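Counted the way numbering that gives the first Met the number 0 counts, the sequence shown spans residues 0 to 205.
Mixed in with the good hints, there may be bad ones.
Stated by the list, open to error - Cβ-Cβ distance ranges computed for the label pairs, FRET-style:
| # | residue 1 | residue 2 | range |
| --- | --- | --- | --- |
| 1 | Gly-48 | Gly-129 | 22 to 30 Å |
| 2 | Thr-201 | Arg-85 | 39 to 47 Å |
| 3 | Arg-106 | Ile-58 | 31 to 39 Å |
| 4 | Glu-82 | Arg-18 | 40 to 48 Å |
| 5 | Glu-24 | Asp-158 | 28 to 36 Å |
To be verified - Simulated crosslink set (DSS-like; lysine-lysine; CA at most 30 Å straight-line):
| # | residue 1 | residue 2 |
| --- | --- | --- |
| 6 | Lys-87 | Lys-123 |
| 7 | Lys-175 | Lys-196 |
| 8 | Lys-175 | Lys-87 |
Hints were generated in silico from the structure; no laboratory data involved. Computed from a prediction, not measured in an experiment: that's the story for all the values here. In this text, a Cβ means the ideal position worked out from N, Cα and C, and glycines have one as well.
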Amino acid sequence: MIILDEATKTIGGRTLLDRVNFTFEAHGRYVIYGPSGIGKTTLLNLIAGYDALSGGRIIVQEGAQIQYLFQESLLFSNLSVEENMRIKWLSRKQAEDNGNTFQNRIRAALATFFSHVDGILSQKIYTLSGGERRRVELAQVVLSTPDILLLDEPTANLDPENKIHMIRMIGEAFPKTTHIIVSHDDHSFFEGYRHLKLREGTLVDA
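Go ahead and model the full structure; you've got the sequences and the hints to work with.
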């Protein structure tokens, strides 16, 4: 659960969040719309703890594991898929440096998003399409079993068919995770999500 309590954010004299009160329920699925520059990404940064409020508070359930997928890929483009997965594995808290465990876990994670794991492991990131890179990033998230998943434009630059497929895969991979997605896409792509709009510093149902 995430509670926004009078959450206020001002940047350069401009108010992006104006005493917002809202609760993101545990296991809920939310998608937030709004024009560029309105503060959608700023809201994700605040929830993740990467930015500070100007006033009010954000309360995140104690011990909740948050994973944040940025709009821009953070994968190492000159490394292989397997090498990127290993980096994520080793960055986990209490990471177990066990070869068999690692191989089994990354194969299972990648199999959530790819039908042919053997064919993707050795590929360099720079050879993958944008959609494939996003799927590798999501497979990395599977290794961390998050309670809260923040996604900034996860379907950007995908065609309509792949947008629908991507959202479906996210839902199936993280069934018990709270999803908060920022998007410019049409509402119809996000079936089963609560649709919200950030407007004039307030968060309202779209």
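Verification of the hints:
1. Gly-48 / Gly-129: 22 to 30 Å: 27 Å, holds
2. Thr-201 / Arg-85: 39 to 47 Å: 43 Å, holds
3. Arg-106 / Ile-58: 31 to 39 Å: 37 Å, holds
4. Glu-82 / Arg-18: 40 to 48 Å: Holds, since Glu-82 and Arg-18 (Cβ atoms, about 46 Å apart) stay within the stated range.
5. Glu-24 / Asp-158: 28 to 36 Å: Since the Cβ atoms of Glu-24 and Asp-158 sit about 32 Å apart, the hinted range of 28 to 36 Å holds.
6. Lys-87 / Lys-123: The hint holds at about 16 Å.
7. Lys-175 / Lys-196: 24 Å, holds
8. Lys-175 / Lys-87: 21 Å, holds
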